[in-house]
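Trainee: Modelling step: build the complete structure from the supplied sequences, incorporating the hints.
Residue strings, one per chain:
2 protein chains.
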Amino acid sequence: MSDWTKICSILAESKEAIILVHEKADGDCLGSALALAFSLHELGMKPVIYYPEEIPLVYRFLPGTEMLKIKAPGSLPESIPVIAVDCADKKRVVYDIPTNSPIINIDHHVSNDYFGTYNIVDTDAAAAGEIIYRILKDGGVRISPDMATCLYVAISTDTGSFSYSNITSETMKIASELLELGSDMNLIRENLYEKRPLSELLTIKAALANFCISEDGKLINCLLDFDTLNKDELIGADTDGLIGLLRATDGVEVALIFKEIEIGNVKVSLRSKSYVDVNIIAREFGGGGHSRAAGCTIKGNIHEIKDNVLKMVTPYLTGGINK
Amino acid sequence: MSDWTKICSILAESKEAIILVHEKADGDCLGSALALAFSLHELGMKPVIYYPEEIPLVYRFLPGTEMLKIKAPGSLPESIPVIAVDCADKKRVVYDIPTNSPIINIDHHVSNDYFGTYNIVDTDAAAAGEIIYRILKDGGVRISPDMATCLYVAISTDTGSFSYSNITSETMKIASELLELGSDMNLIRENLYEKRPLSELLTIKAALANFCISEDGKLINCLLDFDTLNKDELIGADTDGLIGLLRATDGVEVALIFKEIEIGNVKVSLRSKSYVDVNIIAREFGGGGHSRAAGCTIKGNIHEIKDNVLKMVTPYLTGGINK
Chain B
25 MSDWTKICSI LAESKEAIIL VHEKADGDCL GSALALAFSL HELGMKPVIY YPEEIPLVYR
85 FLPGTEMLKI KAPGSLPESI PVIAVDCADK KRVVYDIPTN SPIINIDHHV SNDYFGTYNI
145 VDTDAAAAGE IIYRILKDGG VRISPDMATC LYVAISTDTG SFSYSNITSE TMKIASELLE
205 LGSDMNLIRE NLYEKRPLSE LLTIKAALAN FCISEDGKLI NCLLDFDTLN KDELIGADTD
265 GLIGLLRATD GVEVALIFKE IEIGNVKVSL RSKSYVDVNI IAREFGGGGH SRAAGCTIKG
325 NIHEIKDNVL KMVTPYLTGG INK
Chain L
25 MSDWTKICSI LAESKEAIIL VHEKADGDCL GSALALAFSL HELGMKPVIY YPEEIPLVYR
85 FLPGTEMLKI KAPGSLPESI PVIAVDCADK KRVVYDIPTN SPIINIDHHV SNDYFGTYNI
145 VDTDAAAAGE IIYRILKDGG VRISPDMATC LYVAISTDTG SFSYSNITSE TMKIASELLE
205 LGSDMNLIRE NLYEKRPLSE LLTIKAALAN FCISEDGKLI NCLLDFDTLN KDELIGADTD
265 GLIGLLRATD GVEVALIFKE IEIGNVKVSL RSKSYVDVNI IAREFGGGGH SRAAGCTIKG
325 NIHEIKDNVL KMVTPYLTGG INK
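Protein sequence lines correspond, in order, to chains B and L.
FYI, the numbering for the first sequence is 25 to 347, going by the working numbering.
FYI, the numbering for the second sequence is 25 to 347, going by the working numbering.
What the hints contain is simulated information worked out from the structure, not anything from laboratory work.
Please note that a few of the clues may not be correct.
Pairs count within a copy or across copies, as identical chains cannot be separated in the list.
[What the hints assert, rightly or not] Below, in silico cross-link-like pairs of lysine-lysine (DSS-like), each with a Cα-Cα straight-line distance of 25 Å or less: (1) Lys70 to Lys291; (2) Lys70 to Lys93; (3) Lys242 to Lys219; (4) Lys30 to Lys330; (5) Lys255 to Lys115; (6) Lys30 to Lys335; (7) Lys93 to Lys330; (8) Lys114 to Lys48; (9) Lys291 to Lys255; (10) Lys242 to Lys255; (11) Lys255 to Lys323.
Mentor: What follows is the structure, given as structure tokens:
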């Protein structure tokens with residue numbers, strides 16, 4: 025029995041389905057969820073995607089966002105089948121799933137704990153979008169241009185536009201087939217890559233004006249104090265592009281941004297390239313994340329905070345801790 | 025007759041071949057030239073790639089760079105077949121090609137003037153690497169992992185890691201096949217995306233320190249004069265990342281960089297997003313390229329050059345020429 029047939033048989037009784045994505049929704053979970061919702065809609069079902077807040081501005085161009093409903097965290101209605109997309113465990117889905125609701129768990133995280141009644145987990149897939157594509161293709165479901173666009177966004181965002189180490193020959197083959205199926209590359213490009221706010225460029229300008237690189241070139245950091253950010257209305261500006269730029273520099277292992285989001289309150293972003301576990305460092309300051317990308321927020325004087333974080337990072341770079 | 029058979033028949037007599045790339049060699053011309061050189065080498069020929077200087081640091085990881093020879097500009101030896109890769113016209117090849125040397129012209133630029141004795145020009149190809157791949161595949165040539173790596177670099181660099189509008193279903197299919205053939209994605213990622221020279225970051229810093237954006241937000245430009253570049257040894261620094269960053273800004277249609285590579289000699293890079301054909305503008309100043317990415321080199325005062333180019337660009341943004 026194909027995964028698609030199995031999904032259909034689980035959903036057959038209720039004719040309804042709740043699709044859930046993880047908190048801090050990204051392109052992969054949103055694109056995957058929407059493509060799946062489109063396919064269920066085509067079957068005459070009433071799929072709904074619940075999310076606790078407005079989805080990020082950058083993903084509002086995705087086709088089908090009218091199927092996304094804002095719903096406060098809490099319990100879900102009883103007995104309606106739930107499809108969790110791109111969620112490693114039950115905690116990631118924001119809502120409490122009633123015990124009598126069947127759960128279909130579709131994911132690609134290595135940390136997935138098989139929390140579903142039915143689990144479709146492929147840790148070799150670069151994105152959940154790859155798995156959804158295969159389920160639909162193997163199930164003989166027609167993939168419309170809108171669905172192709174959603175799945176393309178899912179895959180391209182989770183692979184850093186096909187530049188990360190998670191991509192495989194299969195990833196590129198699927199991307200090729202999605203373009204063939206009518207994925208709207210112009211819409212995607214315009215919205216994902218060509219609408220970066222001017223505030224981001226101004227933040228890069230402000231950050232590079234005073235960036236520091238250690239003598240051995242392994243540690244790069246920059247400091248954005250409240251006055252600088254406030255003057256140009258850059259407090260809310262995204263710094264993902266900036267820290268990516270810093271981290272990409274030859275020889276750099278750790279990149280840090282110190283951003284004073286209010287006076288005396290500093291958001292620290294940490295990225296590493298190969299061996300330093302920045303999650304450990306962020307946790308020392310009450311934050312966390314992944315081994316190569318983490319963050320924390322520290323109260324105090326920005327310069328003292330910078331000194332303290334640098335003191336914590338340096339032994340990992342030179343002393344072989346965690347190397 | 026396949027293109028490959030034709031190429032082989034042209035080269036058959038001399039058993040030698042000179043492969044030429046364009047000045048300011050990029051990933052596409054170098055990767056394409058190296059893959060081609062590997063394939064000719066396999067046939068027992070002695071291909072050589074001439075280039076007037078050391079190739080950019082970022083591409084020295086490419087397999088086969090020992091086939092690249094530094095040779096001062098001037099005349100090439102008589103009667104040896106020349107294969108020009110990714111060159112729109114004879115001027116781009118740096119060297120003087122003797123009139124008795126057959127020329128094979130392999131390119132994807134719309135401005136290509138068919139200067140070859142035999143021309144393989146496909147302006148729909150996202151990269152010259154795509155054309156080389158097709159020639160080799162159609163010719164039944166075995167593509168080794170090293171060749172696959174070279175061609176993958178060619179395609180991924182000319183498509184901004186598969187994010188530009190020039191990509192097609194075919195581009196992604198070729199990328200998929202190259203990964204299948206052993207293209208070394210880890211080597212590529214580490215070298216292309218994680219070893220950006222510090223000079224690039226310093227160039228972005230210098231450029232953003234004085235960037236200008238027009239009142240309507242459609243035109244963004246920055247000026248790097250010789251003194252600024254020379255002081256920090258940034259003359260040779262790559263500006264592709266910088267211009268990509270400028271162009272990605274929301275609302276920007278045209279991004280320009282004015283780079284004074286020697287006193288009184290200014291390299292202008294032009295990029296557009298949706299509708300301005302910058303190739304036409306570059307050609308007005310003796311340069312060329314593609315409709316969304318072009319360049320020219322102009323002698324004179326950098327500020328006057330900037331004024332002249334801006335004067336030329338503005339009507340395309342506001343007046344609907346070419347819209």
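Trainee: Each of the hints needs a verdict: does it hold here or not?
Mentor: Results for each hint:
1. Lys70 to Lys291: neither (35 Å within a copy, 58 Å between copies)
2. Lys70 to Lys93: within (12 Å within a copy, 65 Å between copies)
3. Lys242 to Lys219: between (32 Å within a copy, 12 Å between copies)
4. Lys30 to Lys330: neither (46 Å within a copy, 64 Å between copies)
5. Lys255 to Lys115: neither (31 Å within a copy, 49 Å between copies)
6. Lys30 to Lys335: neither (46 Å within a copy, 63 Å between copies)
7. Lys93 to Lys330: neither (36 Å within a copy, 48 Å between copies)
8. Lys114 to Lys48: Answer is within: at 15 Å inside a copy they meet the 25 Å cutoff, but 53 Å across does not.
9. Lys291 to Lys255: within (18 Å within a copy, 34 Å between copies)
10. Lys242 to Lys255: between (31 Å within a copy, 24 Å between copies)
11. Lys255 to Lys323: Answer is within: at 21 Å inside a copy they meet the 25 Å cutoff, but 39 Å across does not.
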